[in-house]
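Note that the protein sequences, when read in sequence, are chains R and H. The first sequence begins at 69 in the numbering used here and counts up one residue at a time. The second sequence begins at 522 in the numbering used here and counts up one residue at a time.
You may find that some hints are simply not true.
Stated by the list, open to error - Pairs of lysine-lysine residues, derived as DSS-like cross-links and limited to a Cα-Cα distance of at most 27 Å, are as follows:
no., chain 1, residue 1, chain 2, residue 2
1, R, K103, H, K565
2, H, K530, R, K121
3, R, K234, H, K554
4, H, K565, R, K189
5, H, K591, R, K88
6, R, K103, R, K234
7, R, K88, H, K525
8, H, K565, H, K552
9, R, K73, H, K525
10, R, K136, H, K530
11, H, K591, R, K136
12, H, K554, R, K73
13, R, K189, H, K591
14, H, K591, R, K234
15, R, K234, H, K565
As the list claims (entries may be wrong) - Reference excerpt, derived from the structure (chain H facing chain R, CB under 8 Å, subset only):
no., residue
16, G528
17, L532
18, C534
19, G535
20, L536
21, C542
22, E544
23, V549
24, V550
25, V553
26, Y562
27, T563
28, F578
29, P585
30, A586
The set of hints was computed from the structure by calculation and includes no laboratory data. All residues carry an ideal CB built from backbone N, CA and C; glycine is no exception.
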Amino acid sequence: MAEKKYAKYIYEYDPKMFPKERRPVMAYMDNNLAKGSNFYLIHWILPGFGMQKEWDFPYAGHPPHIHKDAELLFHIGTDPENPMDLGAEVVMYLGPELEEHHITRTCCIWIPPNFIHSPWKPISCTRPWIFMEFNQGPVHTEKSYRQVLPAAARAQMDWSMWPDDKYPEI
Amino acid sequence: MAYKIDGTKCLKCGLCVTQDCPEQAFVVVNKVKEDDGLMRYTVKIDESRCTECDTCFSLEWWCPAKAIVKG
């Protein structure tokens, strides 16, 4: 039987795209998969994620960085009886001053283009929740701003995991 | 009124050099690779090129450190 005409518009995440991915990804889209699509990544955050031994120091987590395009970081709780409760606590630092925020409610964090954000790190989790990362551009970009971290935190991070990605060399 | 880079705020990221300055007035004067691989750039605004169009100063996140100042 011939394939349906519009079946090409239905995408399912292929784990082979990112063999080193540690998070349970449910959906991924960008301009490379579908011409005209922005970047979207949706995955579960399970109890224990972010609390691994190698992130057990002050300012650990996904290190400070920027993106070329605006980013929306949706933190979505999964309790249908109390959907605004995240069921977790996430530490998020905003700006070059590393202003500290604790996220415990379902919310979206708006990140303007070139705005320094993170470290981002879950510090507790009583219920799996859903993280959605949308970039208002065709692909994901990231430039490190590790220079805003205290020296001790910077020295403890494994920087091989966090290259500048899709930013031009100067 | 000339524009300058405030050295106390500048993070030496070099992003300003890659932004779309209409006159390409941002110039790298020194670059250093740090122990963990991060490149740090000392940048100046070339006054002979800058037309004071205000682009770099007025766009909110043109400089992530907001290190570009007037005068």
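Here's how the hints hold up against the structure:
1. R:K103 with H:K565: Violated, at about 39 Å.
2. H:K530 with R:K121: Not satisfied, since the Cα-Cα distance of roughly 33 Å exceeds 27 Å.
3. R:K234 with H:K554: 19 Å, holds
4. H:K565 with R:K189: 36 Å, violated
5. H:K591 with R:K88: Roughly 46 Å separates the two Cα atoms, so the pair is violated.
6. R:K103 with R:K234: 18 Å, holds
7. R:K88 with H:K525: Roughly 44 Å between the alpha carbons, so the hint for R:K88 and H:K525 is violated.
8. H:K565 with H:K552: With a Cα-Cα distance of about 12 Å, the restraint between H:K565 and H:K552 holds, given a limit of 27 Å.
9. R:K73 with H:K525: The hint is violated at about 58 Å.
10. R:K136 with H:K530: Holds. R:K136 to H:K530 sits at ~21 Å (cutoff 27 Å).
11. H:K591 with R:K136: Given that 27 Å is the threshold and the Cα spacing comes to 25 Å, the pair holds.
12. H:K554 with R:K73: The given pair, whose Cα atoms are some 53 Å apart, is violated under the 27 Å limit.
13. R:K189 with H:K591: 37 Å, violated
14. H:K591 with R:K234: Not OK: H:K591 and R:K234 at ~31 Å, beyond 27 Å, violated.
15. R:K234 with H:K565: 24 Å, holds
16. G528: 14 Å, violated
17. L532: This hint holds: H:L532 lies near chain R, its Cβ roughly 5 Å from the closest one there, short of 8 Å.
18. C534: 7 Å, holds
19. G535: It holds, given that the least Cβ distance between H:G535 and chain R is near 5 Å, below 8 Å.
20. L536: With a minimum Cβ separation of about 7 Å from chain R (threshold 8 Å), the hint on H:L536 holds.
21. C542: 13 Å, violated
22. E544: With Cβ-Cβ at 17 Å, over 8 Å, it is violated.
23. V549: 6 Å, holds
24. V550: With a closest approach of 12 Å, the H:V550 hint is violated.
25. V553: Violated, because the Cβ-Cβ distance from H:V553 to chain R comes to roughly 11 Å (cut-off 8 Å).
26. Y562: The hint holds - H:Y562 has a Cβ within 8 Å of chain R, the shortest such distance being about 6 Å.
27. T563: 12 Å, violated
28. F578: Check failed: Cβ of H:F578 comes no nearer than 14 Å to chain R, outside 8 Å.
29. P585: 5 Å, holds
30. A586: Given a least distance of 5 Å, the restraint on H:A586 holds.
Going down the numbered hints, you'll see the structure goes against 1, 2, 4, 5, 7, 9, 12, 13, 14, 16, 21, 22, 24, 25, 27 and 28, while the others check out.
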